[in-house]
Each structure stands twice: as C-alpha cells, then as structure tokens.
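What follows is each chain in one-letter form.
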Amino acid sequence: MQISQLIKTIMLRMIKFFSILIMVIVLSFTLVSFSPVDPIQSYLGAEMMVVSETQKEQIAEYYGLHEPKLKQFFKWFSTFVQGDFGVSLLYRQDVLTVIKERFSPSFWLMSFSWTLSGVVGYVLGAIAGMNEGKMVDRVIKTYSFILASTPAFWIGILFLIIFSVWLGLFPIGLGAPVGMLKADVTWFDRLKHIVLPALTLSVVGGANIILHTRQKMIETLNSEFIRFARAKGEYGFTLFWRHGFRNTLLPAVSVHFATFGELFGGAVLVEQVFSYPGLGQALVQAGLHNDVPLLLGIVVFSTAFVFIGNLMADILYTVIDRRIKPGETV
Amino acid sequence: MNILPDANFFQKTMPQTEKNEYLLEVEHLSMTIERYEKGLNPIRQAVIRDFHLTIRKGEIIAIVGASGSGKSLLADAILGIQPKNAVVEGVLKYNNEPLSDKKKKELRGKEIMLIPQLTNALDPLMKVEKQVKSFLKIKNKRKLEEIFFQVGLDKKAMKQLPANLSGGMVRRVFAAMALASDAKLIIADEPTNGLDEEAANDMLRLLKMLAEQEKGIIFITHDIEAALKIADKIAVFYAGETVEIVARKHFIRGGAHLRHPYTKALWYALPQNGFQPFYPFQPSTTENSRGCQFVEHCPKAKTVCKERHPDLKTIHGGDKVRCFYA
Numbered sequence: 001m002q003i004s005q006l007i008k009t010i011m012l013r014m015i016k017f018f019s020i021l022i023m024v025i026v027l028s029f030t031l032v033s034f035s036p037v038d039p040i041q042s043y044l045g046a047e048m049m050v051v052s053e054t055q056k057e058q059i060a061e062y063y064g065l066h067e068p069k070l071k072q073f074f075k076w077f078s079t080f081v082q083g084d085f086g087v088s089l090l091y092r093q094d095v096l097t098v099i100k101e102r103f104s105p106s107f108w109l110m111s112f113s114w115t116l117s118g119v120v121g122y123v124l125g126a127i128a129g130m131n132e133g134k135m136v137d138r139v140i141k142t143y144s145f146i147l148a149s150t151p152a153f154w155i156g157i158l159f160l161i162i163f164s165v166w167l168g169l170f171p172i173g174l175g176a177p178v179g180m181l182k183a184d185v186t187w188f189d190r191l192k193h194i195v196l197p198a199l200t201l202s203v204v205g206g207a208n209i210i211l212h213t214r215q216k217m218i219e220t221l222n223s224e225f226i227r228f229a230r231a232k233g234e235y236g237f238t239l240f241w242r243h244g245f246r247n248t249l250l251p252a253v254s255v256h257f258a259t260f261g262e263l264f265g266g267a268v269l270v271e272q273v274f275s276y277p278g279l280g281q282a283l284v285q286a287g288l289h290n291d292v293p294l295l296l297g298i299v300v301f302s303t304a305f306v307f308i309g310n311l312m313a314d315i316l317y318t319v320i321d322r323r324i325k326p327g328e329t330v
Numbered sequence: 001m002n003i004l005p006d007a008n009f010f011q012k013t014m015p016q017t018e019k020n021e022y023l024l025e026v027e028h029l030s031m032t033i034e035r036y037e038k039g040l041n042p043i044r045q046a047v048i049r050d051f052h053l054t055i056r057k058g059e060i061i062a063i064v065g066a067s068g069s070g071k072s073l074l075a076d077a078i079l080g081i082q083p084k085n086a087v088v089e090g091v092l093k094y095n096n097e098p099l100s101d102k103k104k105k106e107l108r109g110k111e112i113m114l115i116p117q118l119t120n121a122l123d124p125l126m127k128v129e130k131q132v133k134s135f136l137k138i139k140n141k142r143k144l145e146e147i148f149f150q151v152g153l154d155k156k157a158m159k160q161l162p163a164n165l166s167g168g169m170v171r172r173v174f175a176a177m178a179l180a181s182d183a184k185l186i187i188a189d190e191p192t193n194g195l196d197e198e199a200a201n202d203m204l205r206l207l208k209m210l211a212e213q214e215k216g217i218i219f220i221t222h223d224i225e226a227a228l229k230i231a232d233k234i235a236v237f238y239a240g241e242t243v244e245i246v247a248r249k250h251f252i253r254g255g256a257h258l259r260h261p262y263t264k265a266l267w268y269a270l271p272q273n274g275f276q277p278f279y280p281f282q283p284s285t286t287e288n289s290r291g292c293q294f295v296e297h298c299p300k301a302k303t304v305c306k307e308r309h310p311d312l313k314t315i316h317g318g319d320k321v322r323c324f325y326a
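In order, the protein sequences belong to chains R and S.
Residue numbering for the first sequence follows this note's numbering, starting at 1 and increasing by one per position.
Residue numbering for the second sequence follows this note's numbering, starting at 1 and increasing by one per position.
Everything labelled a hint here was simulated from the structure, so no lab data went into it.
Cβ coordinates follow ideal geometry from the N, Cα and C atoms, glycine included.
Some hints here could point you the wrong way.
[Claimed, not checked] Heads up, simulated DSS-like pairs for lysine-lysine below, C-alpha to C-alpha not over 27 Å straight-line:
id, chain 1, residue 1, chain 2, residue 2
1, S, 127, S, 57
2, S, 102, R, 134
3, S, 141, S, 130
4, R, 134, S, 105
5, S, 208, R, 141
6, S, 155, S, 143
7, R, 134, S, 84
8, S, 155, S, 105
9, S, 104, R, 134
10, S, 143, S, 57
11, R, 56, R, 75
12, S, 103, S, 93
13, S, 103, R, 134
14, S, 137, S, 105
15, S, 208, S, 93
[What the hints assert, rightly or not] Here are a few chain S residues that sit away from chain R, every Cβ distance over 10 Å (derived from the structure):
id, residue
16, 81
17, 122
18, 123
19, 126
20, 134
21, 269
22, 274
23, 291
Looking at chain S on its own, in the form it has when it is part of the complex (with noise of 0.2 Å):
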C-alpha cells in the first residue's frame, strides 16, 4: 500500500514560483534569554543574533545546523511560544503582512504548523484519532481516515494512546497533524531524528508531498543528506545565525563552490567527501560579543573579522553569505 512517491521523485526539481511573493520573511530575528547564574545579576545571551530567512509558498528550506546551536528556539521564536525569560526581536512578515505575537497567536496551528522534534509532545491521555481530528475545520470521519492513510499509518494506530506508538509512527502522527491542519507553513523540527533510514525516508517523502500541496517548509535539521535529498535551499546555521543561504542546486556541486569556511568544513566532513573530522565548538554568545562568531576555528580569519560582525550579503545566483572574504 505505498501511496508515498518513489525515491526518485526526490530529484524532480521544483517548479520555481516566478512571483516574488514571499509566504515567510524572516530579518535579523534575534533572542536573547535572560538568566540568573551566580548572584543577581542577569546574564543576557544571545541564543539567536542575526537570522534570516524567506520562504515561498511549496518551497522547502532546510536549516541546518549543530545539536545545540538554537536550532529548536527558533522553531518557537517564529511560532511566538519562546520561554517567558527570552526577548525576541527582528522582523517577521507573513504573507507580506507583520507577524506581530498577536498574530502569532491567531496563526498558530491554523496557518503556521509545528511538527515538533520530540516524540513526547503528543498528549499521553489522549487517543492519537483525537489529536488529529482537533485540527480538522469539518470533523469528517472518511477525512480523517484518508489522512491516516496518506501518512500510512492504519486504522487500529489510530485508535492507539501515544505511548503505544513507535518514533516512526508518532511522526506520521505529526505529519498527519500538519495534513489536517491546513497549514502554509510547516515548521519540521528534526523530523527525521531518531529514525532509521527508511522511516527517515518516508518522512522526507511526507514532507515533499506537503511541499507539493502549496505548503512552505521549514525543514530545521542536523543531517546535511537529508536537507540535500529535499530541500530547495539549504540555510546553514551557527551560533545563531544564518552563516551561508545556498540553493540546492549549487550546493551539491560541491565544496569548492560553497563560500562559508563552516559550510565548506561541513561537507568535507562528509562521509563521500573526505571525511575529515570537525569539531567545532559552539560559542555562548554573550550580547557584547564582537566580531565572526566563526573567527576561532576560520582557516582565513583576519584582524578585521575579530573586531567586526559580517553582515549577510547576496552574491551571485541569489546564494546568501555571511563572510568578509566570500
């Protein structure tokens, strides 16, 4: 019963939107948390500094990024539900309209979706079939099936209470939430975490066939090969910033073309591509801090990129970078 597309529907190329309408536009979003370590002074870190991000209707963008470099908090600064001691700034357009927390709250799992990265996040008292039904407009019983069925999950998983779900399922469950949710925007938080390749796959193909419903993707991700198997662009993140916006396709043709010492140290750290270990050590960003936050491990780094903060600048074929000496 594979209703999913085939693999290589992954490399049919999107149909490019030529209107430059744009679903999501996200510029120089930024969080800063609030906490108290020793004492009472407060200590402000920047979890978030200077993030970019637009987005078009059937676009998939991948951000991808280390464990820990705020990946998760930007899902929730864009869905409004950040942590009550963090300050979120920058500006947001939905639909070209402001994204402002109120509207966040109004958007929330009506327009703007979150398939959320930890498979705990269903309620654990409540029958998944219920769970999903909440976000159909006209309860319909055959709807609801045809959505479980889209997603492949049968009809005895659906009258199961999470815990007796496996990962791969609890994500077809999410999957089916965003299906029945007619969201524009999906916000996938690593949605492929913990799963095996073929779950991995099916998820992927999940988000592509969401894609093919008009639906903009953000794809938030740790694994370079899964953003590159479906991915419009790839947004490569660090430190909480957005270090280098690169479209598929002149990503995949490799790393000399890549512009960003990070972005070019992550592909060479790929199995296929030399293998060459990396470890880089993920700043805590304090507000004051100056400069490249890439500064410490750059092979090209210079006086100027101690002292100065890069903007983000568009080069040529509309790929983005965050470097002096791009």
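Okay, chain R solo, but in the shape it has when bound (with noise of 0.2 Å):
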C-alpha cells in the first residue's frame, strides 16, 4: 500500500517533469528559430571576410543550417534522446563539455550565496518577526522590501563600484586573475573572485526568506503552544529554541529551495554584470551568437535544476504535513 503509493507518486513526477522539460525545449527552440542573428557569422566571427562563400556554404551544409527548422528540430531532438547534445559552435566542443566546465563556477557561486541568503535570511526574518512591531523589526522589514524590489544588476554594479573601485576590496570581475595559467590559480584566487557575486546574489535572494520567516515567526509565537509555553516559564531565547526555531526552520529551508529558480536567474544576470565565466553566462553568450545546441542544452540543464529544488520543497512541506497533521500510527 505504501510502496506503491510511493512509486505512483515518483511516476507522476517523472510525467511532470518530462512534459514540463518538452514544453520548454519546443518553446526555446521556437523562439531561437526566430533570431536574426546568422549562426555562420558568429561561428567565424572576425574571419568572416577571410572565408570564402564556398566554405560558408559547407560550414551550413555540415551544422545542417539550411534544412528546414522542423527537420533541424527533430534531428537535434533525436541525438538528444540518445544523450547526445550536440556540439557548441561558439566553444567547438561537445554540449555536455561546455556545461560541465561552466556550471562548477556557477555551481560555486549559486551554493555559496544561496546558504548565505538562507542563513542571514532566517536570522534577520526570525529577530525580525520575535520583535514584531519594533524598532529591529521595522528596520529589518524596510531593507527586505526595498531589496525586494530591486533589480540584482543594479545591486552587482553598486557593489562593484562601492568594493572593487572606490574601496579596491575586491576583483572586478572574472573568475580568475587576468593572464593567470588556470594550473596557477589558488582557491584564494577563486574565494576573491567569488565574494562579490555571491553576495550580490544573496542579497537580493535573501529578501524574500526574510519576510517569509518574519511571517511564520509571527504566526507561530501568536499560536496556542507558545501562550502555553510562556505559561511554562519559558522567554526569551529559550522559547525561540525550543519552540520557535524547530516550528519556523523547516518551511524557511523548503521555501527556499523553492527558489532555486530565481536564483539561477538571478545568477546569469549576476554572472554577466560581473563577467564571471558560469553557465548563465554561457546562456547569455549562446542566445546572442545563435548557438542552438548549447542555449537548448543549457535549459534542459537549467530546467532538471529548478525541478529539482521544487521537488525539495514538495518533499519538505509533505514531511511537515506528516508531521503536524494527524496521521495513522497509533
């Protein structure tokens, strides 16, 4: 009875994500098909006018440029299926390549920021929401909103220019020092380059667990138990320890896993203001030089990513309902 209401579960997921992950290959593809961009003069680049038309020709006879863009379409589709992404004609490698040497930055820099915003987050949400009403409160709520509504671009240029140029804190950008052989650069290296993305990232990304966690704080030390257990004596950090904490974390880390999405949006914009080499910005790089197979596989990547934070966040919010809800034993 369980298992198999464990596997008709798992099945349903799989369907999700599989219908999910079609519609949006169809839906970017189609878009990309309308690009003006000429994939052969962003595979040459600067020996465009070196090139002969004859070359030109084969280099669109060979990616199959000419064919009509159903056919290219199922073609793509069908090495997909097979696990194959197809080369990059911007990097000329394979797809899965480029992925793999892009996303560990990225992996990198959205971990980092995305710890850091779940745990300043929670911090700043849960003083925030003990003191309700409160000079902290209101100070805290007033930053959240206005992070909230602010583009992370226009926080990255203003931590670039208040760290890196006036300050000279840190890196203005890249992932590595500038002419350093990759062998060469140390995790301190990296560590620098990383900081200020990362907490661009964070902060914008922080807003929202801030005032989710302020909400929840509030809701629950307004509940029955914790009248009952300032009845018991108790106050202070002992209440919040033992009461307040167990009840707000676990919705505060399933919300945030649900924002796995804004965060990797939140990184190729991020990643581009500070031309930190991760997958977002190979995204960027994909879709203005017309690089189907690599813009296609990035977002069957990208899509498996934010699939798999809010499949967390599912998992989470159902062991919270097991829990608070009455269930079957005994």
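Assemble the dimeric complex from its two separately framed chains, guided by the hints.
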C-alpha cells in the first residue's frame, strides 16, 4: 500500500518533469528560430571576411543550417534522446563538456549565495518576527522590502562601485586573475572573485526568506503552544530555541528550495555584470550568437536544476504536513 | 489498570485545613484591553472588572462562567501572560507575598502551572515525552514513566507527536505536566471541554488527585455539573466579575439557597432542576459603565442597581455575593 503509493508519486513526478522539459525545449527552440542572428557569422566571427562563400556554404551544410526548422529540431531531438547534446558552435566542443566546465563556477556561486542568503535571511527574519512592531523589526522589514524590489544587476553594479572601485577590496570581475595559467590559480584567488557576485545574489534572494521567516515566526508566536510555553515560564532565547526555531526552520528551508528558479535567473544576470565565467554567462552568449545546441543544452540542464529544487521543497512540505497533521500511528 | 480513584471518591469531603494561610489571594483584579476600532481613538474595554478569589492548599475552586465571559483571560492575568495591549491591575498575593509581574515570571511553570484549554497547546514538532520531561527537576526515565502511568498513558503514547494523540490523551499529557512540574497552584482552563463523559470524569479524577497532593486548583469551566463534582467552592463569573462565591455544600442545597439572581438562573437551567432556558447576554463593558452588570436581566432590579456598582459582600457561612438584595 505504502510502496505502491510511493511508486505512483514518483511516476507522476517523472511524467510532470518530462512534459515540462519537452514544453520548455519546444518553446526555446521556437524562440531562437526567430533570431535574426546569423549563426555562421557568429561562428566565424572576425574571420568572416577571410572565409569564402563556398566555405561558408560548406559550414552551413555541415551543421544542417539550410534545412527546414522542423527537420533541424527533430534531428537535434533524436540525438538528444540518445544522450548526445550535440556540439556547441561557439565553443567548438561537446555541449555537455561546456556545461560541465561552466557549471562548476556557477555551482559554487549559487551554493555560496544560497547558503548565505538562507542563513542570514532566516536569522534576520527570526529576529524581526520575535520583535514584531519594534524598531529592529521595522528596520529589517524596510530593508527587505527595498531589496525585494531591487534588480540584481543594479545591486551588482553598486557593489562593484563601492567594493571594487572605491575600496579596492575585490577584483572587478572574472573568475580568476587575468593572464594567469589555470594551474596557478589558487582557491584564495577564486574565493576573492566569488565574493562580490555571491553577495549580490544572496542579498537579493535573502529578502524573500527574511519576509517569509518573519511572517512564519509571528504566526508561530501567536499560536496556542507558544502561549502555553510562556505559561510554563519559558521566554526569550529558550522559548525561541525550544519552540520557535523548530517550527519555523523547516518551512523556511522548503521555501528556500523553491527559489532555485530565481537563483538561477539571478545568477545569469549577476554573472553578466561580473563577467563571471559561469553557466549563466554561457547561456547569454549562446543566445546572442544563435548557438542552438548549447542554448538548448543549458535550458534542459537548468530545467532539471529548478525541478530538483521544487521537488525538494515539495518533499519537505510533505514531511512537515505528516508531522503536524494526524497520521495513522497509534 | 485503573489506578485512578473510583467515582465515589468525588463524594468524600476534603479535610478542611485549619490554618488561614492562603496559597493565592486575588483582590480587585481587573484587566483592560485597549484596542482600535474605527479611526484612531482607542477603545478601552474592561474584560475583567472586579475579580476576587482566595485559594488554600489542597483546595479546588471552580470558576464557572459562560463562554466569552473572560475566563481564559483570567488565567492569563494570574500567570502574567496577558496580551501586550492589556493592562492588569489589582492585588495578588502568593503565599502571603505580593505577586508582581516579575515574580509571576519566576513562578510560571515552577510554582504556578497552567493546564491549557486548547489541545493544540503542545509543540507540534516535539514528542510529548520530551515536553513533559522538561518539567522534571531530575530527569529520571523511571519517574517519567511513572507519571505517564499515573495519568493513564502508556509507553507507546509517550513517543508520539501531539498530532497522533486524541483530545483526551492530550489533556492527560497536560495533567502529566502538572504532576511533573511540582507546582503548588494549578490553573486548569476548561480541562473537560470537548471530552466525552468518561474522559471528562477521568480528567476530574486527575484534578482531584492533584488536589490530594496539597496543590491548589483553580478549575475554570462552563460546566456547573463538572464543577460540583470536585470543587470545594464555586465562584460564579459573569461579565468579568465574581458575582457569587459559594461552598459546594451550600450550592448543592439548591436554587432557593443561592443568592445571586444569575447563579439562580444557572441552577434552574440545569436539566434536573427544571431546564428553564436562560440566555444571558454578556455585556461588552467599556470602562465607564456604571451599575450592576446583570441589571438588564435581573428580575429584582431597582433604580439603585442601575446607578451603583454592588461590592462583593460576605454573608454568613463564608459565602460571598455581589448583589444589593442578597
């Protein structure tokens, strides 16, 4: 009974995932097929002048660029189903290789900022909620409202001006020092380059988690079991630690997982501002140069990424519900 | 495994403690809540106006009143956990010492314990065992099991989250907390609310058992019959005031011996006493309202009742009543 239920849930999830994936692919392909950018020109770049018309013709032939769009799509799709994402025109490498290489810096960027915004956001939200209506709460609330309505790229530029240009604390961009061999780059170099983009991303993402945690904390503090806990003589930090923390943490974490989509979207913008060599930047490049295989590859990858985030959020919600609502035990 | 005292237990009278040492004394307790309705002018509403109570060790005092008469707020006021916009005034003494807000904070959960009304008062994410354990001074597993056994919960229930327990079981957990806490004064807020007769009787036995251990019990309820089963004294609560305090032995003599018209009305509304319907409207009391709160429903009301507020006066036998004509 339990296991069949589980299998059913998993099956439903898989069907949902694949239908979303196909829709996203079709939509992305339709959009790029309207792109006015000539893929051959972006493939050749400056060598456009040197290469003869016949050679251009051969390149187009090789990539099947003259074929009808529908045929191109199915050609790509049939190889994709077999696990082959094709070759990127821009990087002249396997799409999977490009993604693998590009995802690593993006992964560190996103996990760093996700963790940071989660921890800081939760703490600030909890403080605000515990002090509802007081000065601390008003300051934190105003701060979150302003940040929640601020675009990520603008914050990024602001941080660049303050921390890189004026204070000179952090490098102005890129993922590693310019002109250094990959083997010579230390983890400290990487860390210095990741701080500002990660901070930007977390500052914007944190506002949501602050407001959510604050709300949840107020709700929890007004609940009957908190009134009782007070009646039992608990107050201050003990009250928070014993009852507030447990009852607000899981909802906060699950909401935080659901922000994977925004996190990825934010990363695209932030990587652009900081010229950070991540997946988001590759996505922008692929779009601008009509590199269809790479674009679709990243789209598939990010869809899976966001889907996993939402799945985690869903699972956590179910766990919370199981614990709070009457179950079958006893 | 019925370790609880049998039904006859209720009928045994408590030995009266001779000394006049009160565990808790409450005089002229009032609570005013300030709130905003339309516009910015605050409305000050007196939810508790003039409440009196004295309780000794081992005594059970029932506070009987209709829903919405402010009974739960009374518990809040004694414990000092009233809402932020509430002002509590009055003289409170615990063990002959003034009970200040600071003192209340010290004593909550240690000396004075609440048995809450709502079953969602347990932390939904903590096993009940752990929630009870926090009251034990010496964390002893055997002692914990003994307490659960005393209130009639088995080991399996101990390991559960509150959502998996029935309303009756949650109330037993509350009783277990009261036992574990070693509190001298227990305020039970509607502990039998929503329970079937058997479960309610179990709960009453538990309260009686707590009183046997020299604990003072304030039993807040709307159920007169339940109150008469275990209480030594009945305090009738109407519109934020104590209108009458009667010893149980006087109360059960019947309606003719009751003094206050509201108490009489409650008595005659009981099925076995005539079942006369009575729907007293709880007046919403703003601070400046004068006169007796019950004047609109009172068959005996005269002009003076509208103009002056009657004080709680002691009549023979130690009972108290708030009426000019009692």
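Hints, verified against the model:
no. : hint          : in the structure
1   : S/127 / S/57  : violated (32 Å)
2   : S/102 / R/134 : holds (22 Å)
3   : S/141 / S/130 : holds (11 Å)
4   : R/134 / S/105 : holds (22 Å)
5   : S/208 / R/141 : violated (50 Å)
6   : S/155 / S/143 : holds (13 Å)
7   : R/134 / S/84  : holds (13 Å)
8   : S/155 / S/105 : violated (33 Å)
9   : S/104 / R/134 : holds (24 Å)
10  : S/143 / S/57  : holds (24 Å)
11  : R/56 / R/75   : holds (21 Å)
12  : S/103 / S/93  : holds (10 Å)
13  : S/103 / R/134 : holds (25 Å)
14  : S/137 / S/105 : holds (18 Å)
15  : S/208 / S/93  : holds (24 Å)
16  : 81            : violated (5 Å)
17  : 122           : violated (6 Å)
18  : 123           : violated (5 Å)
19  : 126           : violated (7 Å)
20  : 134           : violated (8 Å)
21  : 269           : holds (30 Å)
22  : 274           : holds (37 Å)
23  : 291           : holds (34 Å)
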